[in-house]
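Work the whole structure out from these sequences, hints included.
Residue numbers (my numbering), protein chains in the order written: chain A, 629 to 1274; chain B, 7 to 106; chain C, 3 to 170.
If you are wondering where the hints come from, they were derived from the structure by calculation, not from laboratory data. No false leads were mixed into what you were given.
When the alpha-carbon atoms are kept at most 20 Å apart in a straight line, the in silico EDC-like pairs for lysine to aspartate or glutamate are as follows: (1) A:660 to A:745; (2) C:168 to B:78; (3) C:26 to B:94; (4) C:168 to B:94; (5) C:144 to C:122; (6) A:1076 to A:1089; (7) A:1001 to A:1089; (8) A:797 to A:746; (9) C:93 to B:100; (10) B:93 to C:87; (11) B:105 to C:87; (12) A:660 to A:746; (13) A:797 to A:940; (14) C:26 to B:100.
Owing to the predicted nature of the structure, the values given are computational and were not obtained by experimental measurement.
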Amino acid sequence: MVEHSMLNLVALILLFPILGTAVNGLVGKRLKKETVSYIACGSVGLSFFTATLVFSGLLLLPPHERLFEKQLFSWIESGSFKAAAGLQVDPLSILLTLIITGIGLLIHIYSIGYMHEDKGYHRYFCYLNLFTFSMLLLVLGNNFLLMFIGWEAVGLCSYLLIGFWFEKKSASDAAKKAFIVNRVGDFGFALGIMLIFLTFHTIDYTEVFHAASQGNFPVGSFTITMITLLLFVGATGKSAQIPLYTWLPDAMEGPTPVSALIHAATMVTAGVYMIARCNVLYMLSPLTMTVVASIGAATALFAASIGLVQNDIKRVLAYSTVSQLGYMFLACGVGAFTAGVFHLVTHAFFKALLFLGSGSVIHALSGEMDVRKMGGLRHHIPVTYKTFLIGTVAIAGIPPFAGFFSKDEILLESLTYGNLIYWSVAAVASLFTAFYMFRLLFLTFHGKSRVEHHVMEHLHESPKNMTIPLIVLAGLSSIGGFLGIPGAHVMSTFLSPVFSASGHTKVSGAEISVHHGEGNPYLMMVVSTAIALTGIFIAYQMYIKKPELPKKLAERFRFIYRVLLNKYYVDEIYTALFVNPTRKIAVFFWKCVDIQIIDGSVNGIARSIGWFSSNLRYLQTGYVRNYAFYIVVGCIFIIVLAALGK
Amino acid sequence: MITVTHYIVLSAILFTLGVVGVLIRRNAIVVFMCIELMLNAVNLSFVAFAHYLHSMNGQLFVFFTMTVAAAEAAVGLAIIVAVFRNKETVNIDDINIMKW
Amino acid sequence: MEAYLFYIMAAVAVVSAVYLIFEKNPVYSILYLVMILISIAVLYLLLGAQFIAAVQIIVYAGAIMVLFLFVVMLLNLSAKEELKDALSFQKIPAIVMGIVLLSAIGIILRSKIPLGKQGEYTSAYVHDVGNTQLIGKLLFTKYLLPFEITSILLFIAAIGAIILAKRK
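Laid out in structure tokens, this is it:
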């Protein structure tokens, strides 16, 4: 029973961050910066500690019983609609919880150093804690409505944090863009939830998935396809997939730790989590699976190609994030949910590391983000360099670092369960990834210094509270991949209770060898390593050996270069197609409908009443006898009524 | 035989005359007297009803009405005196500041 | 005899009332009002309300009317009639309204007056015990609280009158 007492602690995971939010939000202004950071980091730290307790409680249970639901209170009851506020602990949610609280804790600590000079210090930590709470709510909720609440709340926090430096117009614009683009996705998501309620008459995960797995719905049924597609629309918004990815690169206007936590490690993976959570539904709809896989593959390649030529250190990472998220969706789309979640985990490690590393670089260079004004930094900021190198190697997919295993698994699965097109798209994207990441590394840390003189004077390694999270994350990025090393399958065994209900997902290593006909895992490892090495070699040739080569190539393939540099002009196309017409309609409603019709009628009524009363006031003569006369007329009216009524 | 109706009709006539007086006279004191007339008309109906219903309540009400009338006369006449002192008139049409 | 007395007194009251509202001189108006009050006092006697009749004569016709007369004399209003008539147009409607009011009351009276329950104070009983005794007894038993409140009312009225009429 010790495991149940541990599992019962799950509500505490949520409680600590929201308490931190409340304290820092309400009285943070009057507290010392130190106190604020202790409260913020302490709350997330306690939350992480509780999460490990709950995790160990879960491990004590036999695998098939690893599903624990804790009902907190009955939330909404209206007719047949019932929503309880309850938490669900299972391998998937606890894995995400550990990542959110663990990486969240590291990023909180890192932020102490990074945000030290900022005057919105307490506000920043208040938002960050609120984000942690919302994200935990998203993954721990036991029904779709709670997930939706968390989903919206992380969107809000993302908005608040992107626009954290709201004095800067570009920051507030980026925040608005993120919010509005997410609205489009959330609209679909909300419709999906409503359709789920209409179809299943409940929104509880357990009941919905149970009903779906009973075989009441044939594979490819229209309703399920609609539900899954609508939910996927939400996922494209939150997880920055085509066509709703445009907000994520702009979101880099926020503080760098925020980009690391929200726009790389946790929030943007919510879509992947959601699809993994609903795997039962998705497996019932081959059409949606194809859509998910295609969009994922397309996004992976598309974003990676943009990343090739970007010059802003954080934007390169942002496009890389979009691309890696595409990988995860590709994995989910071919039914390899474990691979998708595994990549989610390793990606959280190395992408957080890369973002924090870039933050450290930016911090050292007093806010400079353009890689053309960097170079040769490896001797000045050695710790950052080494950890960044580990992150880069991890994302590029060099064994034995984390990214290799997860990416390799996705490539393998896409060939096994998907087709050659998926595999080749993913492979090309992988080549691009290796190339642009090493391009970034070489431009930033190697070669001649192009740093401006006055910046050079302030060049310094970051303080301890920033480097220690980097080192921890570097460690995780190095060894995290062994969770899913072929043969051992720690990850897939652990997650199998969540995915066992759905079709052909492999449960153990034994099954994989039965299933795969086309891909040999070990051959695949060699191939993907070769791809990564090729990318690195090209980058080395272009940016170390012959630094003049990129310019020549840009001249030569001018058209392609310009298209890539301008991100395929997608933002411009969206502006022309959606933003401008909407704005025109809005102006029409403002100028014609609002000012003339609505305001006009309201003001007209007010004016006519004013006119009427200004004439009516002459009835008030001031003569007592006159008033008495009115009284008598009234009385007589009543008496006459009484007389007629007789 | 004089019935209650006779008294009520008389009371109604006196009351109406009082109302008309209030509406057409401008001398504040006369208006006041007309109000007294209206009160008396009502008192008459009270006593008449009391008599024909074998009840004492009507007479006691008249007693209270008289008390009110006395209080009203004292205060009202004091107001008239005060107004006259300020405006040199008891014409209520000259006192019309209670308006827009 | 009783009927004659009623008609005579009613006629006196109505005629005096008409004179009251059309008389120019306020002093005469007061005298007409006294006439009305006295005739109503006689009607009270006819209705067996001796105490009320006495109070009517003493308090109303005596004290209050003297107060009125006093004020009229004090302000020296005797002959002057109002100069300004801002509402001359109201005269005709007022009289019309009076007629309408009367006819409405008449219509109501033509249908039977809803008389309530007969009380226990029959004329014979009242005659036996005495009207004044009965009123006194009721005043100090059933109507004690209103009675006390009227004393406060009069007290406040006296204070108010003094403050209003005081020369500043």
